[in-house]
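Q: Using the hints provided, position chain B relative to the given structure of chain A.
Protein chains: 2
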Amino acid sequence: MITKTWNYAQRSAHIAPSVIREILKLTLKPEIISFAGGLPSPDAFPMERIRQATQSAMDTYGTATLQYGPTEGFGPLREWIAARVSQGGRCKVDPDQVLITSGSQQALDLIGKIFLDPGDFVALERPTYLGALQAFNAYQAQYLSMEMDDHGIMLEEFEAALKQNPKMAYLLPNYQNPSGILLDEARRAPLAKMAEKYGIPLIEDDAYWGLRFWGEELPNLYSYAPDNTLYVGTFSKTLAPGFRLAFIVAEKSLISKLVQAKQAADLHTTTFVQMIAYEALKDGFLEQHSVFISELYGERCNTMLEAMDRHFPKGLHWVRPQGGMFVWVTLPEHMNSLEIFTKAVEQNVAFVPGTPFFADGTGQNTLRLNFSHASLEQIKDGIERLGNVLHQALEGK
Amino acid sequence: MITKTWNYAQRSAHIAPSVIREILKLTLKPEIISFAGGLPSPDAFPMERIRQATQSAMDTYGTATLQYGPTEGFGPLREWIAARVSQGGRCKVDPDQVLITSGSQQALDLIGKIFLDPGDFVALERPTYLGALQAFNAYQAQYLSMEMDDHGIMLEEFEAALKQNPKMAYLLPNYQNPSGILLDEARRAPLAKMAEKYGIPLIEDDAYWGLRFWGEELPNLYSYAPDNTLYVGTFSKTLAPGFRLAFIVAEKSLISKLVQAKQAADLHTTTFVQMIAYEALKDGFLEQHSVFISELYGERCNTMLEAMDRHFPKGLHWVRPQGGMFVWVTLPEHMNSLEIFTKAVEQNVAFVPGTPFFADGTGQNTLRLNFSHASLEQIKDGIERLGNVLHQALEGK
Numbered sequence: 001m002i003t004k005t006w007n008y009a010q011r012s013a014h015i016a017p018s019v020i021r022e023i024l025k026l027t028l029k030p031e032i033i034s035f036a037g038g039l040p041s042p043d044a045f046p047m048e049r050i051r052q053a054t055q056s057a058m059d060t061y062g063t064a065t066l067q068y069g070p071t072e073g074f075g076p077l078r079e080w081i082a083a084r085v086s087q088g089g090r091c092k093v094d095p096d097q098v099l100i101t102s103g104s105q106q107a108l109d110l111i112g113k114i115f116l117d118p119g120d121f122v123a124l125e126r127p128t129y130l131g132a133l134q135a136f137n138a139y140q141a142q143y144l145s146m147e148m149d150d151h152g153i154m155l156e157e158f159e160a161a162l163k164q165n166p167k168m169a170y171l172l173p174n175y176q177n178p179s180g181i182l183l184d185e186a187r188r189a190p191l192a193k194m195a196e197k198y199g200i201p202l203i204e205d206d207a208y209w210g211l212r213f214w215g216e217e218l219p220n221l222y223s224y225a226p227d228n229t230l231y232v233g234t235f236s237k238t239l240a241p242g243f244r245l246a247f248i249v250a251e252k253s254l255i256s257k258l259v260q261a262k263q264a265a266d267l268h269t270t271t272f273v274q275m276i277a278y279e280a281l282k283d284g285f286l287e288q289h290s291v292f293i294s295e296l297y298g299e300r301c302n303t304m305l306e307a308m309d310r311h312f313p314k315g316l317h318w319v320r321p322q323g324g325m326f327v328w329v330t331l332p333e334h335m336n337s338l339e340i341f342t343k344a345v346e347q348n349v350a351f352v353p354g355t356p357f358f359a360d361g362t363g364q365n366t367l368r369l370n371f372s373h374a375s376l377e378q379i380k381d382g383i384e385r386l387g388n389v390l391h392q393a394l395e396g397k
Numbered sequence: 001m002i003t004k005t006w007n008y009a010q011r012s013a014h015i016a017p018s019v020i021r022e023i024l025k026l027t028l029k030p031e032i033i034s035f036a037g038g039l040p041s042p043d044a045f046p047m048e049r050i051r052q053a054t055q056s057a058m059d060t061y062g063t064a065t066l067q068y069g070p071t072e073g074f075g076p077l078r079e080w081i082a083a084r085v086s087q088g089g090r091c092k093v094d095p096d097q098v099l100i101t102s103g104s105q106q107a108l109d110l111i112g113k114i115f116l117d118p119g120d121f122v123a124l125e126r127p128t129y130l131g132a133l134q135a136f137n138a139y140q141a142q143y144l145s146m147e148m149d150d151h152g153i154m155l156e157e158f159e160a161a162l163k164q165n166p167k168m169a170y171l172l173p174n175y176q177n178p179s180g181i182l183l184d185e186a187r188r189a190p191l192a193k194m195a196e197k198y199g200i201p202l203i204e205d206d207a208y209w210g211l212r213f214w215g216e217e218l219p220n221l222y223s224y225a226p227d228n229t230l231y232v233g234t235f236s237k238t239l240a241p242g243f244r245l246a247f248i249v250a251e252k253s254l255i256s257k258l259v260q261a262k263q264a265a266d267l268h269t270t271t272f273v274q275m276i277a278y279e280a281l282k283d284g285f286l287e288q289h290s291v292f293i294s295e296l297y298g299e300r301c302n303t304m305l306e307a308m309d310r311h312f313p314k315g316l317h318w319v320r321p322q323g324g325m326f327v328w329v330t331l332p333e334h335m336n337s338l339e340i341f342t343k344a345v346e347q348n349v350a351f352v353p354g355t356p357f358f359a360d361g362t363g364q365n366t367l368r369l370n371f372s373h374a375s376l377e378q379i380k381d382g383i384e385r386l387g388n389v390l391h392q393a394l395e396g397k
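So the sequence lines, in the order shown, correspond to chains A and B.
Just so we're aligned, residue 1 is where the first sequence starts under our numbering, counting upward by one.
Just so we're aligned, residue 1 is where the second sequence starts under our numbering, counting upward by one.
Bound conformation, chain A alone (with noise of 0.2 Å):
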């Protein structure tokens, strides 16, 4: 049979697979220890809530669940989002500035078709959310990598990016995925005005939003700069990942451009599960149940870090997170994770090789470790695995 060679356009030259989806295959066999993927764990999903939810919506909004809705998304959960995003009154969030997405991936896609030309550069951590690069690379687009610290990204480093011009930038400040850093509170409102000041639309994906370990969650950038940053947040870390249920939060007259450009891209987001997250999350619950799932993270994230402490050699460095589902370690400059990747395998524990994570390219002595979806025993023993791996390999065996 001859394959078929298809006249594909320009850009679906930059539509790749995922490296990390061609490595979690790897992880599958039900022996292996995997620190790879980015489940939330099994254990913080409401199952209850759901089928309440799921009951009090048909019988409250009737055959309006199964019906068509507004691209915008559902009323009362915009409501809810600008309530929520405005942090107790921090800054002020009308409803008609929530625009309900397919998960943020499609907010990330929403936003680079609608900004992004071929060869535009985008500004962004380096590490950065894999899941970005896919939708902006789908754009043809460049990137600006900045530097960050244990404190997150720094002003200069910030500066530097913008006055080159990018189209947009685009930061994570709530334990960014892959690093679990979060941005310093001081660095936050000078980061926010910057981006305005030279007129470079700002994304604050905090797509971990609610799961912070301890402390109340910091000010967002948003808040700072609400003309000229889009928030990004999503009900996957705190409610259901299955529900493909995100928001953007941004200026009137870019919801209205980010509304035609989803009306064109998928009408809009079910609303049957909107609903349903709506009758859900209402009254609170969201709010109580995001401590239990900070709880359950908290203290899978304690295990972890406890047995990287016992188990991994010295001269690899971590930040501690203070929330989120990673632990990010960089090895020292000579080691490559992906050789260390295949040992693991072999001996039935895995994580990320952090490359993917580098719009450079560059990082192949990083590596993603994610606390959130294995048990508490899961943890200590393939740390201990892990912690063997690393040492022979420091060794050089």
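Keep in mind the hints are simulated off the structure, nothing from the lab.
Mixed in with the good hints there might be a few duds.
Note that the list lumps identical chains together, so a pair holds whenever it fits in one copy or between two copies.
[Said to hold, decoys possible] Here are the simulated BS3-like cross-link-like pairs (lysine-lysine), alpha carbons at most 30 Å apart as the crow flies:
no. : residue 1 : residue 2
1   : Lys252    : Lys4
2   : Lys4      : Lys92
3   : Lys193    : Lys282
4   : Lys380    : Lys282
5   : Lys4      : Lys163
6   : Lys193    : Lys252
7   : Lys282    : Lys252
A: Only chain B this time, still in chain A's reference frame:
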């Protein structure tokens, strides 16, 4: 307050508000009988079955209903679709050839994304589905509009368009939206094979499958040229539009590319809804339910046609639909349906003027009537009112 000016991508100029959306806003007054929208009837929504299916999905698949899932879609649903599109074995469809999408709007968006460079031509029917124009416009497509007669696209028209080497061809063979036209069976094999001969990918949008009022369904175009045809189907008309659940069936390497594009666009379609839909439609339910909907819509269609025969002036042309949701009316050349729309709304009856369905901006003397959403009484009453408006307009009042 100064309105902010955003530095959008060039394609953003082609992402515009839907004319129909603006028109529909005028028809929302409760006293208006509207034939303007394209809504399925809520009487056709299987509420009880969906309630049971939700319970069944959560019992059967547990926390997997709420977890991330594969980009390709839920396995058992892909199998069901493969069997359905093979039309009882007329052609062979492997489940790997199925991609689940977030509504058929996303199917069209992803197809545009991988195929269309700015300025590329798409050959399509005159009139055609507005949502397809919106999806392809976002990729800066141009159009070759092909003439139809009452039996669909004509072979000579199709060949003339293919000779101009468009990037793809887009057809709606069954009860086309907006024209209601059913493509003649005798034209199907030659059309599909002609596109293959010229090496132009053929997109077959079968949005209304299962909704034929009498007789057997005709062979799909896909079955005649499976290596060159992209079959797009949806559950919006037979199950629930609020689910946003649709699919593409195509050659495997093309599905791989579409999967990569979808991964960048929204990761995957909601697991929760896919599993519920599968539980709802299995065991022959959808086949039965399609019969129920076809009878419901067939009765409404007949009622509308009878009322049109009685109340509409001579000199108008319309095709009697054999399925779907629309009757398409062509007025005498000198008449303008937008002017008539204004007068009709004054008489509390609404339709959609036809121009937005024409890629070439013509069709001023056409209009679309939806018969799926209004009750029989409303149809009789509304068509009588519209008949009066049309009589007056013809008489120049």
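Q: 30 Å Cα cut-off: does Lys193 pair with Lys252 within a copy, between copies, both or neither?
A: The answer is within: 19 Å in one copy meets 30 Å, while 48 Å across copies does not.
Q: Regarding Lys282 and Lys252, is the shortest C-alpha distance of 30 Å or less found within a copy, between copies, in both, or in neither?
A: within (25 Å within a copy, 43 Å between copies)
Q: Given identical chains, is Lys4 near Lys163, meaning Cα to Cα at most 30 Å, within a copy, between copies, both, or neither?
A: This pair counts as between: shortest inter-copy Cα distance 20 Å, intra-copy 46 Å.
Q: Pop the pair Lys193 and Lys282 into one bin, within, between, both or neither, using alpha-carbon distances up to 30 Å.
A: Close neither inside one copy (33 Å) nor across copies (55 Å); limit 30 Å.
Q: At most 30 Å between alpha carbons: which applies to Lys252 and Lys4, within, between, both or neither?
A: between (45 Å within a copy, 10 Å between copies)
Q: With identical chains, the pair Lys4 and Lys92 could be close in the same copy or across copies; at 30 Å between alpha carbons, which is it: within, between, both, or neither?
A: Between copies, since 17 Å is at most 30 Å while 54 Å is not.
Q: How would you label the pair Lys380, Lys282 (within, between, both, or neither) given a Cα cut-off of 30 Å?
A: neither (37 Å within a copy, 43 Å between copies)
In summary, the structure is inconsistent with hints 3, 4 from the numbered list given earlier, while agreeing with the others.
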